[in-house]
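Could you put together the complete structure from these sequences and hints?
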Amino acid sequence: MLFNSYEFSLFLPVVFILYWFVFNKTIQLQNIFLLAAGYIFYGWWDWRFLFLITFSTLFDFTIGLQLEKATGETKRKWLFVASCIVNIGFLAFFKYFNFFIDNFIAAFAAIGYHIPAISLKVILPVGISFYTFQSLSYTIDIYRRKMKPVTNLISFAAFISFFPQLVAGPIERAFNLLPQFSKARIFDKTQAIIGMRQILWGLFKKIVIADTLSVYVEQIFTSYSVLPGSTLALGAVYFAVQIYCDFSGYSSIAIGTAKLFGFTLMQNFNYPYFSTNVSEFWRKWHISLTSWFRDYVYIPMGGSKESLPKTIFNTLFVFSLSGFWHGANWTFIIWGLLNGLYLIPNLLYHKKSPKTISPEINISVIGKMIITFALITFTWIFFRSANVSQAFQYINGLFSKSLFQYPIQHGMAITIPLIAILFAVEWLRKYGFKVAEPQRSPVYLRWSIYLILIISCFAFFKQNQTFIYFQF
Amino acid sequence: MKNFLVKIIKLTLFTIFVLVLSLFFVPDKVSETSILAALKDKNELLGKTPSPKIILVGGSNVSFGMDSKKLEKRYRMPVVNTGLHGGLGMEFMLNHIKPYVQKGDVLILMPEYEYFYTDNFYGEMELVSVIFDVEPESKKIISTEQWSHLLKYLPVYSAKKIKNYASSLFQKSADVIDIYHRNSFNSYGDACLHWNLPNQSYLPAPALKGNEKVNAKSIQFLKEFKLYVKNKGAGLLIFPPVIDKTSFDNQKIIIEKIAEELKNNDLTFFTKPSAYRYEDSLFFNSYYHLNKKGVDKRTEQLIRDLD
Chain P
1 MLFNSYEFSL FLPVVFILYW FVFNKTIQLQ NIFLLAAGYI FYGWWDWRFL FLITFSTLFD
61 FTIGLQLEKA TGETKRKWLF VASCIVNIGF LAFFKYFNFF IDNFIAAFAA IGYHIPAISL
121 KVILPVGISF YTFQSLSYTI DIYRRKMKPV TNLISFAAFI SFFPQLVAGP IERAFNLLPQ
181 FSKARIFDKT QAIIGMRQIL WGLFKKIVIA DTLSVYVEQI FTSYSVLPGS TLALGAVYFA
241 VQIYCDFSGY SSIAIGTAKL FGFTLMQNFN YPYFSTNVSE FWRKWHISLT SWFRDYVYIP
301 MGGSKESLPK TIFNTLFVFS LSGFWHGANW TFIIWGLLNG LYLIPNLLYH KKSPKTISPE
361 INISVIGKMI ITFALITFTW IFFRSANVSQ AFQYINGLFS KSLFQYPIQH GMAITIPLIA
421 ILFAVEWLRK YGFKVAEPQR SPVYLRWSIY LILIISCFAF FKQNQTFIYF QF
Chain F
1001 MKNFLVKIIK LTLFTIFVLV LSLFFVPDKV SETSILAALK DKNELLGKTP SPKIILVGGS
1061 NVSFGMDSKK LEKRYRMPVV NTGLHGGLGM EFMLNHIKPY VQKGDVLILM PEYEYFYTDN
1121 FYGEMELVSV IFDVEPESKK IISTEQWSHL LKYLPVYSAK KIKNYASSLF QKSADVIDIY
1181 HRNSFNSYGD ACLHWNLPNQ SYLPAPALKG NEKVNAKSIQ FLKEFKLYVK NKGAGLLIFP
1241 PVIDKTSFDN QKIIIEKIAE ELKNNDLTFF TKPSAYRYED SLFFNSYYHL NKKGVDKRTE
1301 QLIRDLD
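So the protein lines, in turn, are chains P and F. Sequential numbering of the first sequence, starting at 1, is according to this note's numbering. Sequential numbering of the second sequence, starting at 1001, is according to this note's numbering.
Hint data in this document are derived by calculation from the structure and do not stem from the laboratory. All C-beta atoms, glycine included, are put in the ideal place defined by N, C-alpha and C. Please note: incorrect hints may appear among the correct ones.
[What the hints assert, rightly or not] 30 Å max Cα-Cα, derived DSSO-like pairs, lysine-lysine:
{"id": "1", "chain 1": "P", "residue 1": "Lys462", "chain 2": "F", "residue 2": "Lys1209"}
{"id": "2", "chain 1": "F", "residue 1": "Lys1263", "chain 2": "F", "residue 2": "Lys1232"}
{"id": "3", "chain 1": "F", "residue 1": "Lys1217", "chain 2": "P", "residue 2": "Lys462"}
[To be verified] Pair ranges (Cβ atoms, derived):
{"id": "4", "chain 1": "F", "residue 1": "Lys1098", "chain 2": "P", "residue 2": "Ala36", "range": "44 to 54 Å"}
{"id": "5", "chain 1": "F", "residue 1": "Glu1032", "chain 2": "P", "residue 2": "Asn176", "range": "21 to 31 Å"}
{"id": "6", "chain 1": "P", "residue 1": "Ser9", "chain 2": "F", "residue 2": "Pro1198", "range": "32 to 42 Å"}
{"id": "7", "chain 1": "P", "residue 1": "Leu29", "chain 2": "F", "residue 2": "Ile1016", "range": "29 to 39 Å"}
{"id": "8", "chain 1": "F", "residue 1": "Leu1011", "chain 2": "P", "residue 2": "Lys69", "range": "44 to 54 Å"}
{"id": "9", "chain 1": "P", "residue 1": "Ser9", "chain 2": "F", "residue 2": "Pro1099", "range": "30 to 40 Å"}
{"id": "10", "chain 1": "P", "residue 1": "Ala36", "chain 2": "F", "residue 2": "Pro1198", "range": "51 to 61 Å"}
{"id": "11", "chain 1": "F", "residue 1": "Ile1016", "chain 2": "P", "residue 2": "Phe392", "range": "43 to 53 Å"}
{"id": "12", "chain 1": "F", "residue 1": "Lys1073", "chain 2": "P", "residue 2": "Phe392", "range": "48 to 58 Å"}
{"id": "13", "chain 1": "F", "residue 1": "Val1006", "chain 2": "P", "residue 2": "Glu306", "range": "52 to 62 Å"}
{"id": "14", "chain 1": "F", "residue 1": "Lys1098", "chain 2": "P", "residue 2": "Phe423", "range": "51 to 61 Å"}
In structure tokens, the structure reads:
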């Protein structure tokens, strides 16, 4: 079920009412209901996916309990390895099987051995990368003795299938979200209103901005060979904004929806396009995934505590892996690698980027923001291209003389104002002016803003516009 | 909680109020010049064309896929191409044409396959535009069941009207005659502005699961329509729509089911659907929209089939 669908617009209020008025007698009852809602939400795509999530849930729940019971380190290690093999095995099979086979065949073909092509028609279960990582973090944390396993299967199953963040995150850590399933939930009006605002702004970003830009992005990336460099630059910028609005829109809706049910999810985006360097960007973009890789891959590999060559290797490896997580395509791996390469100068000069940005805005800061945005936008070309060859041809066309021509109109009359609105609102929010906050603006102004956002969502609505990150 | 729900309900009602106002009172200039406005012109053409006549009926596979002049020349009967847009739905399309059917007329229906297995049968956003802004008097032919299907399009359409109106305040749109303009049709009702244009890229119809079922309502409706035409002393011939090879192959199972169901109800396609499965290169910008070469091929094939 898509957040931007008629089905969800009925599903959410019904689940909300039943949750607070019918199933509110005990925590267990609320969890059973959330579990059922999660399964309906997920099974809406394809009921067969439910077998996979059920198996994953039961398996990791059992591993968690066994890890707690096991006394010897060897047994604990084997249980942990089993959890990794099963979770990553599922991911590898459903997501990467054909990629590995194709590359294996191509590699042999390059040295003169021709192996007959094998290709399985594997349906990629929606959101598998997200809930697999969430489930895996649970067993890892128990193995590391950072948390105790839950003994209530319903709570655990409700945690894995929690519908607001099930298919595209934020990828929650068990120690943050799981305890919330064991606590009594009291309706908090202020949080619910904040949640509704997040849902509305998320829908606006997705339906109005991302889906509008997607039309032009598709046109430009399809006809890149005949377009001038300036239009290709425009296409890359459009995609940078599209993917941000698409994904952060989803996260806003997820976080807002969770608030309606008394849950707090982690922040997933923190105004990343206002970052002054790439390192800062990666602390603010898809935070739940970046921190997952940091905690479970980068730091265990030694992080930045080892020698410089090892630190560089760790960085490049983790970024490539992050790219590979996105999909079975060399374009994603190059995208990840390129982002890793951007960080090498910092590592070479042992320069630590400041954790917080100075609130003082001046020309230099804005210049750095623009440069960072341009660097990140360049990497998105790989991310968006169908294959590596197309990406290089696109870049070749981009850096040509025609870069300085006036771009061919690709909806600029509508896209430029929309992008300007996005950046203006985000800027105001980042620097303290919370748009449409009760204490800041009168009722008529707030309601006018809500109405404009709602009407805009309807006006720009297109059916069956899925979220980019669903494919991951 | 109560306070929160009251606020949400108030906001919802306020939004509905604004959308209803817009639906009825916001002027929609787009509907005056869009392809849907050609419905009025086609009505006029139907009204003034003497019977017996050939009436081509269907969605855009008919408007973008026929050269009526050739048909007229062959059968020495006036031809009216009433094809317009698939989004109007088969129920509206056929109900709308009923008053124009006269004794001796021959109706050639080439319905898009979607009418038989999706809600497209009842109409989509384009129908909402027609009944609110192009031809408001057509509301009276909309059935309760149709209204229930159209309900979901109302807020979207209403909001789009506000958007269009707001845009018109800021920028004066040049009245460019493009392929989806009211004036993109020839005197027979064929969309012809694209005949000299190169093909554009488009997505074929998606592959289906294979478990789709034929909508019994559409078959029943077609049976009743056939009876109506017969009682009027006219004839009804049902042809498969023209569709590109990729889309046909993607939807082969449901197409076969539709053909079978029509056959079982004495509504058999005049020729087998695969006869109108054309090479992808003959399509202009959609799997139902032929280019000029495709239009010629299809018209000639239709003539051969009728002969």
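Tested hints:
With a C-alpha separation of about 23 Å, the suggested pairing of P:Lys462 with F:Lys1209 holds against the 30 Å cut-off. In summary, the hint linking F:Lys1263 to F:Lys1232 is supported, as the alpha carbons are separated by about 23 Å, within the 30 Å threshold. The straight-line distance between the Cα atoms of F:Lys1217 and P:Lys462 is roughly 27 Å, inside the 30 Å bound, and the hint therefore holds. A hinted range of 44 to 54 Å holds for the C-beta pair F:Lys1098 and P:Ala36, which are about 48 Å apart.
In this structure the hint that F:Glu1032 and P:Asn176 lie 21 to 31 Å apart at CB is violated, the actual value being about 56 Å. At roughly 41 Å, the beta-carbon separation of P:Ser9 and F:Pro1198 lies within the given 32 to 42 Å, and the hint holds. Between P:Leu29 and F:Ile1016 the CB atoms are about 33 Å apart, so this pair conforms to the stated range of 29 to 39 Å. Distance hint for F:Leu1011 and P:Lys69: a CB-CB separation of about 52 Å, consistent with the stated range 44 to 54 Å.
Between P:Ser9 and F:Pro1099 the beta carbon distance is about 38 Å. The supplied range of 30 to 40 Å therefore holds. At about 53 Å, the CB distance of P:Ala36 to F:Pro1198 agrees with the hint of 51 to 61 Å. For the pair F:Ile1016 and P:Phe392, the beta carbons lie near 52 Å from each other, so the given range of 43 to 53 Å is met. Distance hint check for F:Lys1073 and P:Phe392: the Cβ-Cβ separation is about 54 Å, which falls inside the suggested range of 48 to 58 Å.
The supplied range of 52 to 62 Å is met by F:Val1006 and P:Glu306, whose beta-carbon atoms lie about 59 Å from each other. Between F:Lys1098 and P:Phe423 the C-beta distance comes to about 54 Å, which sits within the given range of 51 to 61 Å.
Taken one by one, the earlier hints fail for this structure only at number 5.
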